[in-house]
Structure formats: C-alpha cells, structure tokens
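A.B. asks: For the protein sequence lines, the chains are A, B and C, in the order given. Position 39 (the first sequence) corresponds to 848 in our numbering; numbering is contiguous. Position 124 (the second sequence) corresponds to 140 in our numbering; numbering is contiguous. Position 155 (the third sequence) corresponds to 181 in our numbering; numbering is contiguous.
Warning: the hint list may mix true and false statements.
[Stated by the list, open to error] Lysine to any residue pairs mimicking SDA-like chemistry, simulated, CA-CA at most 25 Å apart: (1) C:K213 to B:R81; (2) C:K352 to A:H846; (3) B:K105 to B:D32; (4) C:K321 to A:K895; (5) C:K352 to A:T837; (6) A:K932 to C:K169; (7) C:K82 to A:H846; (8) C:K169 to B:M78; (9) A:K895 to C:K68; (10) C:K275 to A:H846; (11) C:K240 to A:H846.
These aren't lab readings, by the way, just hints derived from the structure by calculation. Just so it is clear, the structure is predicted and the values come from calculations on it, not from any experiment.
Chain by chain, the residues run as shown.
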Amino acid sequence: MMNNEALKSKIQALASDTEFVETGQYLTASVPYRKIHAICKGLKEGADTAFDYLFNLTGIDYLEKNQMAVIYHLESTEFHHIVVLKAIIPTRENPEIESLCDLYAGANFHEREVYDFFGINFKNHPDMRRMFLDEISDNIGHPFRKDYVDEVNIIER
Amino acid sequence: MSFSIYDFTAFNQAIDQWLRSVMSPGWALITELTIIGLVFLLFYALVGLVLVYAERKVCAFMQCRVGPNRVGPYGIFQTIADFIKLLMKELVTIRKADKFLFTLAPFIVIIASFMAIATIPFGKGLHAIDFNIGIFYLLAVSSLGVIGILLAGWSSNNKYSLIGAMRSGAQIVSYELSVGLSLLTPCIFIGTLQFSGIVEAQANGWLIFTGHIPVVIAFVIYMIAATAETNRGPFDLAEAESELTAGFHTEYSGIKFAFFFLAEYMNMFIVASIAATVFWGGWMPFHISGMDGFNHVMDFIPPFFWFLGKTIVIIFLMMWFKWTFPRLRIDQILTLEWKYLLPINLVNILITAFIVLMGWHFVK
Amino acid sequence: MTDTKTPYLEQQEYTINMGPQHPSTHGVLRFVVSLKGETVDKVEPHLGYIHRGIEKMSEKMTYPQIVHLTDRLDYLSAHINNHALCMTIEKALGVEVPERVQYIRTIMDELNRIASHQLWWCAFGMDMGALTCYFYGLRDREKILDIFEESCGSRLLHSYYCPGGLMKDIHPNFKQRVKDFLTYFRKKLPEYDTLLTGNIIMQERTKKIGLMTKEDAVSFGFTGPAGRGSGFSCDVRKHHPYAAYDKVKFTEPLYTEGDTFSRYKVRMDEMWESMNIIEQLIDNIPDGDYQAKMKAVIKLPEGEYMQRVEAARGEFSVFIVSTGDKSPYRIKFRSPNYCNLGAVHHLSKGFKIADLIAIGGSLDLVIPDMDR
C-alpha cells in the first residue's frame with residue numbers, strides 16, 4: 810500500500826508536469842492529456858503500483874474555462890490504493906484524447922458513453938460509436954455539454 | 017341387448033347383429049365406422065378440454081396459487097371459454113406461404129394422433145381396431161406426426177419457424193427410436209404384438225411387477241422418450257424457444273393453432289395410455305396373488321376406470337416433470353438420446369431376450 | 027491450373043435480433059447476435075431505450091430531489107443507491123450521522139439485497155424453463171416487501187434515506203417482523219437449493235458456460251456477485267467499509283471457476299450472509315435520533331466527491347463535482363450493470379444461443395441502471 814508521497818513521486822516520474830491536489834478524498838493528479846496512455850500504462854505495469862482496476866471514467870465540460878476533462882479513478886486490487894487522474898483537454902472544439910481500451914477492457918463502454926454525451930473523441934478506440942443516442946436522430950448533438958440547447962425537450966427554469 | 021360394464025364384447029356384437037339385420041353388410045360396416053369415428057371425435061374433444069383444465073390446475077397448485085376459478089364452479093368452463101376465444105380469432109394468411117401445405121399441416125398432426133388412438137384398448141371389448149401387429153402399427157402411425165410439424169415450419173415462409181421445426185423434427189425422430197425399442201422389451205416378454213394379447217397376458221400381475229428389472233428400465237426409458245416425443249416437459253425447447261427461434265407454430269392463429277395445441281395434449285394422453293397398457297396392465301385390475309378378498313374388491317371396479325386411472329397417474333407424472341425441471345438445450349437432448357438411451361435400450365433388449373430364452377421369467 | 031484452392035464453404039453468418047421486448051432480457055435491452063451456425067460469434071448490445079438523462083436532469087435539481095432519482099436507477103437495489111448518494115453528500119459536508127441511522131441503513135440495505143437476489147433467482151429459474159421457481163421466489167419476497175411497506179411507505183421505490191438520516195423512524199413492529207422473516211427464510215432457502223441448484227439439468231446448462239478469468243474480470247470492471255464468481259474479491263463492504271459494516275462479521279463468497287454456475291452459487295451464498303449480517307444487527311439498534319441536523323438548503327463546498335457502495339449487482343458509486351451551488355455541476359453514477367454488460371460479448375463468444383440466455387440471467391442485468 811503506497812502512501813500519497815510515494816504515489817506522487819511515481820506519477821511525477823512518468824509525467825513531470827502534473828499537479829496534485831491532496832485535500833480531497835483521494836490523491837488527484839492533473840496530468841497532461843497527451844500522456845494519459847503512457848501514464849496509465851506505467852501505473853498499471855509498475856510492480857509496486859499495479860493499478861489494474863479502472864472503476865470510473867467521467868467526462869466533464871468546463872464551459873467557462875473552455876476546457877473539457879476526463880477523470881479516471883484507478884484502484885489496485887493488490888495493494889488497495891486509489892488514485893484519481895484528471896486529464897484536461899484545453900479545447901471544446903473536437904476534443905480528442907487517447908483511448909485506454911488496450912489497458913482496461915472496461916474502458917470501452919465508458920468511453921463510448923463519454924463520446925456520446927460530450928463529443929470527446931477517443932483515438933484508437935476499437936468501436937467509436939454512440940452508445941445511447943444512436944437511434945434518435947442524426948444530429949442530436951452532445952447533450953451533456955453545458956451549452957446544449959433543445960427548446961422542445963429541455964425546460965430551463 | 018346385454019349390457020355389462022365389465023365386458024363390452026357382447027354389447028358390441030349385439031349392435032353389430034342389429035345393424036346387419038336392418039341394412040346390407042356394406043352399409044352396416046359404414047354405419048359402424050361412422051359411429052366409431054363420431055365417438056372418437058367426441059372423446060378427443062372432451063379429453064382435450066379436460067386435460068387443458070387439468071394442466072392449469074395442477075400447475076397452479078404446484079406453484080402455490082389457485083388457477084382458474086372464475087368461469088364456472090372451480091373454473092371448469094375455462095377451457096370452453098378459451099376455445100370460443102380461439103374460434104373467434106382472425107385466421108391470418110401469410111402472403112408468400114404455401115397455402116395448401118399451411119392449412120394441411122395441423123390436420124396431419126391430428127390425423128396421426130387419431131390413427132394412434134384407434135388401437136388402444138380402453139376396456140374389455142372397448143377396442144376400435146385390434147390388429148395382430150398392434151404395436152408395430154402404432155409406432156408406424158405415430159411417426160406421421162413429424163410430417164405435420166415439418167410442413168408447418170416449411171410452409172410458414174419464416175426463417176425462424178423453419179429452424180424451430182427442424183429442431184423439433186430432429187428431436188422427435190431421434191426419440192422415436194427409444195420409444196420403439198423400449199416398447200419391444202415387454203413384447204419380447206409377452207410374445208405378441210397384439211394389444212389385447214398384451215393386456216390379457218398381464219392378468220396375473222402387471223408387467224412392471226412380473227417383468228422385473230429389464231421392464232423397469234424399459235419403462236423409465238419409455239417415460240423419458242415419450243416426454244421428448246410430445247415436445248413436453250424438460251424437452252420443450254421447440255416451443256419455449258420463442259425466445260429466439262419462434263417455434264413451428266408461430267404463424268398459426270385461431271382454430272389452426274387450437275389444433276396444434278389440442279394435438280399436443282392428445283399426444284400426451286396417447287403416450288400415457290400406451291404406457292398404462294403395455295407396462296401397467298391396461299384395463300386389468302390390480303391383483304395380489306393369494307389375497308382373494310382383495311382381488312374381488314379390485315374386480316368390482318370396472319375395467320374402463322382402471323384404464324383411465326392408470327393413464328391419469330402417468331399424465332400427472334408428465335405434468336410434474338414439466339413444472340419442476342428446467343429445460344435442456346438441443347444438443348443436450350440429442351446427446352441424451354444417441355449416447356445414453358439408445359445403448360441402454362439395446363443392451364436391455366439383449367438381456368430380455370436372454371432371459372426369455374433361458375426361461376427365467378414368470379409370464380407365459 | 028490455378029494456384030488457389032477451393033475454399034471451404036463458409037458457414038453463413040446471420041444476425042438474430044433479441045429485440046427490446048423480450049421475455050428473457052428483463053427490460054428493454056436489444057442484443058444483436060451474430061451467429062455462426064448455432065454458436066454465437068458476436069453479441070452487440072444496443073442501449074438507450076430507457077435513457078432518461080438522469081445525470082443531466084440532476085444538474086438542475088437540489089440534492090434531496092436527486093435522491094428520488096437514484097431509486098429509479100437500479101430499482102431492485104433502491105435502498106443501496108439512495109445510500110450511496112446520501113453518503114456522498116454527508117461526507118462532503120462533514121456531517122456525522124447518528125449510530126441508529128447507520129444500523130438501520132445497513133439492515134435495510136441487506137434486506138434489499140436479499141429481496142433483489144430472490145427476484146434474480148425467480149427470473150433465472152424461469153429463463154432456464156423451471157417455471158415454478160418464479161412463484162416460490164416471489165412468495166418469499168412478499169414478506170420483505172411487506173416490511174418495507176410498513177416502515178418506508180412503499181414496496182419498491184422507497185426513497186427512505188435522505189441526506190442526514192432517514193425520512194422517518196422505523197415502525198415499532200420492524201424488529202419483530204424482521205426476526206420473523208429471518209426464521210421463516212432460513213427454512214425456505216434450502217428449498218431453493220433442492221428445487222434448482224441440485225438439479226442435474228440446471229448444472230449441465232450452467233457449468234463451464236460463460237467463462238471469465240480473474241484478470242479479465244478486473245480489466246472489465248466486472249464486479250458484484252458476477253465478479254466474485256471469477257475470484258475477483260471486490261466487495262466494497264469489505265475493502266472500504268461504510269455504515270455499520272465494520273461492526274459485523276461476514277464472509278465474502280468467492281469461487282474461482284468463473285462460470286455461470288459459480289455466479290449462481292455466489293448469489294445463493296450472499297443471501298445466507300445477508301441474513302447473518304441482519305441477525306447480528308437487529309437486536310442492537312441503538313436509540314437516538316433518526317436524522318442529523320442539516321441546513322435547509324444543502325450546498326456542497328467546491329470540489330469533487332465520490333462514494334462507493336456494494337449494490338446487489340456490483341459496485342455502485344456516485345461522483346459529484348460541485349461548484350458550491352445547490353445543484354451539482356456534474357454528477358456521475360457508475361452503474362454496475364453497465365460495466366457488467368461490457369463483458370457479455372467476451373462471455374458468450376463460442377457458446378450456443380441457449381447459453382446466452384443463461385449467461386444473461388447469471389449477470390442479473392437491470393436495464394434502467396445501464397441507461398440511466
């Protein structure tokens with residue numbers, strides 16, 4: 810079981826420009842989004858980190874800062890330590906990030922959902938399609954974005 | 017006319033003589049055949065109604081609920097209400113289906129079961145046709161039902177019906193073998209294929225008691241194979257696979273569907289009555305040698321009720337199977353037949369033949 | 027003379043649609059199954075038939091209102107889902123809920139788990155063709171639903187928990203009725219084994235069907251009883267205890283075969299374990315308040331919060347990103363069924379169509395949880 814300091818140094822070694830937030834529940838690392846695959850690979854294959862269980866993948870739309878983010882919650886089944894990786898994509902037009910499908914098979918469905926709702930494209934995903942909204946209409950857009958407007962179905966209070 | 021509820025032969029001969037005296041022999045024959053046909057039609061319909069109601073009630077009691085109890089006292093008119101509903105449904109015609117075969121298929125299934133029921137002895141003298149090759153005829157005729165099922169699947173012009181019909185056909189054809197071979201074992205013991213001969217030979221005790229282990233094995237195999245023959249119980253993949261492939265009778269509606277439905281219950285009755293006849297003594301009462309008083313009491317009950325009682329017990333057993341066990345997969349069904357039942361059957365027949373040759377049995 | 031050999035006739039690959047209305051998928055789920063002969067080659071689920079946009083809706087609702095929406099996710103573990111959200115809010119605000127609330131929440135969660143597994147057992151038996159199982163399971167489940175109705179006010183979608191505690195205190199009869207239920211069900215559960223578990227047909231249809239190794243289970247995020255059937259020890263109650271789970275002794279059933287039968291056995295064992303947990307707690311419910319003091323308008327401080335619970339089907343977690351407002355900026359429900367569904371293709375490739383039904387039944391999928 811590694812404590813926060815050890816985890817921080819491990820992640821720093823994989824990507825030097827990470828920022829850490831330790832005030833929350835878990836150690837949160839804001840990693841550069843271009844290196845997310847390399848970082849996760851390093852964390853998964855490292856013998857003393859062994860983060861083999863991805864238990865949550867969330868997409869967030871930060872409208873004011875004009876950013877999108879993907880948050881990964883990783884746990885190790887061997888050591889039971891948890892780390893949260895936050896990959897911020899600095900653009901809201903055609904955001905792209907690497908897919909983690911080859912590392913975690915469960916990421917497949919999670920990433921399809923994020924693509925469906927936010928429009929973040931995951932490169933090297935084996936099956937990049939919409940998950941829930943594919944049969945509604947052709948130009949449904951990406952509803953979870955903060956600037957999504959739909960006069961018919963969404964009632965603003 | 018002498019009418020004895022214990023022996024119908026005299027009654028039958030009396031009617032026969034009266035008819036011959038009134039009209040020419042040819043017409044008398046035709047009249048007799050018509051009467052027998054009508055009686056059987058009535059019997060068929062009645063048994064179908066009763067069995068459907070019985071199944072619903074038995075199934076309900078096994079599942080801790082009550083079953084139909086609104087239509088009539090204890091719900092006894094439920095099946096009639098269902099039947100009227102089916103009569104009033106629209107007969108959907110499929111555009112590219114082969115119309116003649118589509119309409120013919122349910123009739124073939126019913127005709128096959130009619131032909132089978134004609135040979136069964138319901139009581140002493142209550143026997144439509146008494147061939148000297150009774151069992152052989154029965155096996156031959158009951159195989160005709162498969163044609164109806166395959167025709168139904170083919171003529172529906174539906175990929176899934178065809179697959180369902182093929183599966184059902186494969187299952188039925190495989191289990192025909194087991195049914196036939198397991199029915200041969202008692203015949204080897206008794207020495208005749210004639211139904212009345214088989215029943216008479218069990219006058220001193222039912223074959224399942226006097227035939228010992230080979231006959232018990234044959235009975236068990238017969239029950240398994242007969243349940244599979246009628247697409248019931250744990251072998252109902254063809255119908256309940258309405259999960260994916262929808263079974264051969266998907267495209268049927270209204271009265272044609274009612275025919276398939278009825279034919280299934282009649283087949284169950286026929287199969288049970290054959291088991292009762294061949295293994296459990298037919299209309300012979302239950303005798304224990306040596307206890308004459310008991311035997312006299314048993315003789316008091318008419319043979320027809322003995323036959324019916326035994327058939328009802330076996331039908332209850334088949335219903336019990338259906339509502340308890342999960343379903344087998346199609347490859348497991350065929351494996352069971354070809355790898356297990358068939359070899360056991362063949363070995364059983366060899367043993368029976370050996371026993372008969374050596375004279376180690378108690379049945380003449 | 028050409029060089030090419032005549033290729034073998036390829037078996038025709040055709041697709042079959044197990045459409046949104048289907049007796050065995052237990053919800054509106056569409057599987058497009060591509061077959062090679064009789065064996066399954068590819069299973070592709072199509073979701074979205076009951077997508078209600080709960081996460082997006084929650085961005086406009088206050089936190090107590092969202093509790094009612096979490097019921098509607100996996101409605102068979104409604105209490106447990108409520109628990110996750112209430113716990114997230116309470117931990118974010120730093121509110122300490124009274125002991126009494128923790129005990130009652132644990133007991134209600136475990137009763138809900140038993141009820142959910144009873145319904146799973148009914149439906150599994152029915153899918154296999156043993157239709158009587160359905161009625162036996164439902165008959166026993168009614169007893170739990172009666173207990174819920176008395177204390178929580180409704181049978182299925184309770185919304186009994188609220189941030190800070192419970193909506194109302196338990197009914198005075200609650201303790202006695204739970205104890206009666208435990209004595210009753212301890213006698214009935216062996217009947218389930220007699221009817222279905224020991225049946226040779228059932229065992230033939232479930233053993234060695236739908237295999238999943240432990241590494242694959244971890245990689246897929248395959249949690250809950252399904253994951254424990256593959257040896258993946260993922261019980262949140264054990265690894266990250268919450269409520270009163272650190273005060274009770276219970277074992278986590280683990281089987282290593284990874285087939286449908288071991289997933290079945292895990293759920294049967296879990297019912298026994300849940301009864302043990304309830305028995306340890308039911309007599310010791312401490313007195314006290316049933317609700318902690320909360321402000322009238324709940325506003326979470328800025329930050330990201332996550333709590334995980336063990337729902338009846340796997341690990342359910344709530345992730346809230348808050349900007350200090352009375353509605354969350356982003357709320358994400360990590361649903362166990364969605365992650366388990368991701369493995370259906372892996373589980374059923376190479377098996378027959380009839381096995382797909384068995385595998386789907388052993389995963390115990392509830393579709394509203396997937397679609398949210």
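A.B. asks: Out of the numbered hints, which ones does the structure contradict?
C.D. replies: Of the numbered hints, 2, 3, 4, 6, 7, 9 and 10 do not hold.
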